[in-house]
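Colleague: Each chain, letter by letter, is given below.
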Amino acid sequence: MSTTSLTDRLGSLLMAPVHLLMRIIDIPLRAVQKTAGIGGMAAVFLAPNMLIFGIFVLLPLVINFVYSMTGGTAFFLSERNFIGAEQYQRLFTCTNYLDPMSCQEDAFWTAVGNTFWFVILQVALMIGLSLITALILNRDLAARSFWRAVFFFPVLLSPVVVGLIWKWILQRQGLLNFGLYQFGIEPYTWLTDRNWTFIATIGVSIWAHMGLYTLILLAGLQAIPKDLYEAAEMDGTKPARVFRRITLPLLAPNLLVVVVLALIKAVQIFDEVYVLTGGGPGTSTLYLTQYIYETGFASTLRNPGLAAAASILMGLVLVVLTLIQLGIGQRGEKKGKR
Amino acid sequence: MKTKSLLAGAALALLMSTAAHAGDVRIMWYSDGVEGDVMKDLVGRFMKENPGINVILDNVAYSVIKDQLPVQLEAANGPDIARVTAIKDLSRHWLDLRPLVKDAKYWDDNFGAQADWMRPDGSKQISGFMTQITLTGGYANKTLFDQAGVPLPGPKATWEEWAAASKKVKDSQKLPFAMAIDRSGHRLTAPLLSYGANYVGKDGKPAPLDKGAKDFLTKFVGWVGEGSFAKDVWVSAAGSTYRAAAEDFINGQLAFYYSGSWQVANLTTKIGNSFDWVATGSPCGPAACTGMPGGAALVAVKYTKNPKDVAAVMDWFAQEKIVKEFSERTLFLPGHKGVVDKGGLDFKTDNAFAKAALTKYVEASKTTADTALKLPGWRWSDTVYAAVVTRVGQTLAGELKLDDAFTRIDADIAQKVKDSGL
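Sequence lines, in order, name chains A and B. Read in order, the letters of the first sequence are residues 1 to 338 in my numbering. Read in order, the letters of the second sequence are residues 1 to 422 in my numbering.
Accuracy of the hints is not assured; some may be wrong.
[What the hints assert, rightly or not] Pairs of lysine-lysine, BS3-like flavour, derived with a Cα cap of 25 Å:
| id | chain 1 | residue 1 | chain 2 | residue 2 |
| --- | --- | --- | --- | --- |
| 1 | B | K124 | B | K202 |
| 2 | A | K167 | B | K231 |
| 3 | B | K66 | A | K167 |
| 4 | A | K167 | A | K265 |
In case anyone wonders, no lab produced these hints; they're calculated from the structure.
So that you can see chain B by itself, here it is in the shape it has in the complex (with noise of 0.2 Å):
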């Protein structure tokens, strides 16, 4: 009798034990700004609705997404739903929510424009949504412009009057560099696409660098070797490391930012009242004034063992609500049609270069150019970014010439496409 007890006893535990992690959805997410704060108090609101399941929030650094994060999926392993960025990179680890979700056309009709961006190529599933959808473009520190007498370049300057004009700030105003460019693909994507250039080939594949990228990347390290844009950032790591070149900015040392609109929360939040600044949009090339877009995605990993409630979760972060909140409370730029068609979002900031930062982005979002808009979804935009960092980064540290600089870059892409046997 006692042991039979015992037994029972035994197996109502691992019973209790097993229904409690039924229910557990754990969520990977970085911050750029203050939505880490926004979205662990949605948790909090989800699970006070949603008794039956356990949301954990893994609040982590952006590097451990980029670096760690890829990983633990090769592995069949990680989180339940992650905010990633290399969304189409590791598409194929996502889980279909179509069959999950309580109304697939919602999730089409509001989320179907970057739906391609998340899935396999050719595939219908629903992965995700995107948290926010982002777009490169320049900050410029006005006060150091209005100190050094230098007028803010107009809406349709060029690269090199952005330069000229930080050039002539940074000398008036004895600082470290005039301009800097976070050591990133994406963001130098952005002029190499103003100044024509074309990544993927007719085969759908990656082409060799064309005159468009060769132009402005010498141009690029012309500028960082004569000190107008900032040496440090590029130089401060191998390979394709991502370093990002906004704590310069907001300690006031630099004339021009290029970075992106996701950094409007984190200038808003750190700068305050020390200095004024504006968004001012992508500088132009001689081919298009084009901004990359971009963003992070809230995606269900497909090795979850909880998929029902990975949906439920799903389901409702991307009610049309719960996105206009999150979205205003973040200062980011929404990726739900619904929103977005309906307008009328009301920021919550009082920050007045905040609000006219957003404005402008929505203004810039009108001028991206067409090969902009399909680098997201392109399966081989991460290998490019890769090569074009990592080699670049060696020329600026005066490891490889230009010309060596380019050959390497092609022969780079070229052997990740045939190590990936596709």
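Looking at chain A on its own, in the form it has when it is part of the complex (with noise of 0.2 Å):
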């Protein structure tokens, strides 16, 4: 009893000042509520986060499309002169959009080309193997949390990290080499052979990110009831069916999100690709993120405005790619809810 007492008056000194706190604030509050009135003041709390998310996002988007319309090198907005569409219509520029080199800026449409391959294999691919993985995973195997932590481990490298790691294996006196060589296989120069550096891309995107999706698969795979397996069980219903039936339909939500996340990534695919291939052999992996920061930053003579311009369609690709996911998302609940 007066251990409770106790523990009860530590717990209101140490509130105290929290309570204090909180009066002093409920003051300019309930002036504000007045004001506002009580549907207002989801507003007001809003507005802070708002803020934050005009000052970081907004203000840049809307600075960007103002870049895109600018012509010069300079960097400061003051410094540059205004020409309309012309950085578009330049991006635009094309006898035959199929082939690159009919383009005045051939390398956009390379990039744009690249980047679009180089999504439908690496998403389809990564879900198809983070899917498998988590199966796998899910089942009752020895050393599980083991297993877990080795495929998760990639996602914690940054991403320099990674593509040093796979361009000390794959170079030309890099580790694979030297198995090969150890086997009598003569050596190869992956990383300047077109294919084989595009398959690398997709391959080392592929093992850096699986783990974080694989794992959300996981969690998915964990929350579909179990009874629901044992009554397909009892009902003798086949391995294959039990899944197209039960576990997809059921694992749909978290399957959305992964689309979602690796399609936004794959889209996004810069760092651990600038490091392994520098964009190389060629363009043979330049990819769109690449193209920009090339335009903009890395080049001589940089083009803010054409690199502003390329970065405005691909954000427009992205939201137009997301608002479709998310709805055949929408159609997919209200199916389930009928």
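Please dock the two separately framed chains into a single complex, following the hints provided.
Modeller: The structure is reproduced here in structure tokens:
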């Protein structure tokens, strides 16, 4: 009894400054509530967050759009001249969009093509492999926690470290060629072959990010009630049908999250590829973000306006893709409710 | 009374912190060889002699100087002093030290020959001084040539003769490649000029690629195709990204490596006694046997908050005795007329190859073509270099045909000139 009252008193003592603070805050908030009304208080509480969002997201977005309408090599807006949609026109000047070399900005269209194929292949493979891994890790394996950690470990690495590790493995005098040489196989220049390099960037990015998506899918799998599987087993349902009829539909919300995240991340691919291949050989692994970076910041006579225009287009593509996926998700939810 | 004391204390702290910042001079520095260590030592000595100025030496990678510093400068930021190679291209960002240095005549007399390289066209400002004068040139792995029984081509040997001899060494010694040249427009310009190329048009702006340039580029692409020249270094990046092939030479994987005088200290340190090497100068073409001059300059940045302290630092490092010591310890060719005229540089190395290489570069500088001497001070050099590297890289990767590459190089340069608004 005495212990409880002592704890209570100690708790009251510790909470006293908090209570005092709340009372002080209460005074202006009541005044605000009188003006804004109870309904308006939600907006008041959201305001600080919206302010940060506005300063760090919306404002740069607007400034970026303004940049895309200006020309010259200067960085300060005051030193740049307004040229309207000329940068966009330059990006779209093409006789055949499927042949980048027929375009004025051939590097942009090469990057668009590379990014398109990268996104298609990488996202499909990533989701497939993440799902298979999650299904395996969801079973009663020996040392299951160890395997989960093994698959998640690359996610913890910095993209630059990922790029460097794989560069040391794949370069001419790298670990892979050393291993092949031990088996009497002639070493190969993996990072100077256009096709192999493209495959390498897909493989490395899957290796680096798969752990996160596996974890999300694993969480989804563990949330599926076990009795559904038990009922299916009692009915003698085949495993493939169980997967199609129980696992996949119940995993759909998690899969949607994974698809959205993987897609956005794939379109934005930059750091590990920049370290691993530098966009080469030639431009075979030049992706959109690298094109934007090099056009705006790294090339001789930088063109921030052109880079801004390309990034606005990339942003639009991402918004459209996300909206399509959210639409598909909402349709799925409605179907589920029916 | 208590409030007054608190306010006074706060004001004093503020004043003290401001005073500490007033004497700060930040130098952004990169190293090819041992010059970072030498500079660190010299900075220490400067601060002992000038206790009121705190010099902060930021040793960064060359890519930071090449890619990040220009962006900082465009945003009116950056260090107070920087060691740079794009000295003309960025010249609008340099501080005019003329009214700030102790003796402007000393600067004009000793650094005047390269002053135009680092100031805007038509200006008379003193922007800084060359920490080293460089010249592009070749290095041969003499041990590999000897083992293959192939004699080293003579001083007037052509690019074709070097390619043929190196190929024999490659085949005999089972090397991955015979020759390599850095992925750099500056490096590639030397053989282009030897083949008679001229980048500068009559109006001072870039001219379309001429026969000389096309001739060497055609040969170069052919040599890479047949495996004489290393492909890796050229296709290992997109765009105008710089890549050096020094590591392949150091690892004994190349018979011939074309780079420049700044590699002497690097090769001396890293090769040691592993094999014998010689500097060969620049192979000849039909028009000349020229290397490309250049170098790195220490320049003051005009966005500095402490111009007087910056000038004091620059004055100290530009002293004849300091330039001489820096050159001797780094194995760099000095850009100070007094030091060059007096001669007697005692390069601090016991390595016979390094000493011979430095002598070779001094000799080779006498055959530098006039066009080559003008290019470091030409506004559009870096623009041409970037376009050539980008498109040749794509050609070597199999993305472009050579004729298309030529068309693209001309178009890229024309577009950049248009973008600049000049």
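Colleague: Evaluate each hint against the coordinates.
Modeller: How the hints compare with the structure:
1. B/K124 x B/K202: 24 Å, holds
2. A/K167 x B/K231: 17 Å, holds
3. B/K66 x A/K167: 22 Å, holds
4. A/K167 x A/K265: 21 Å, holds
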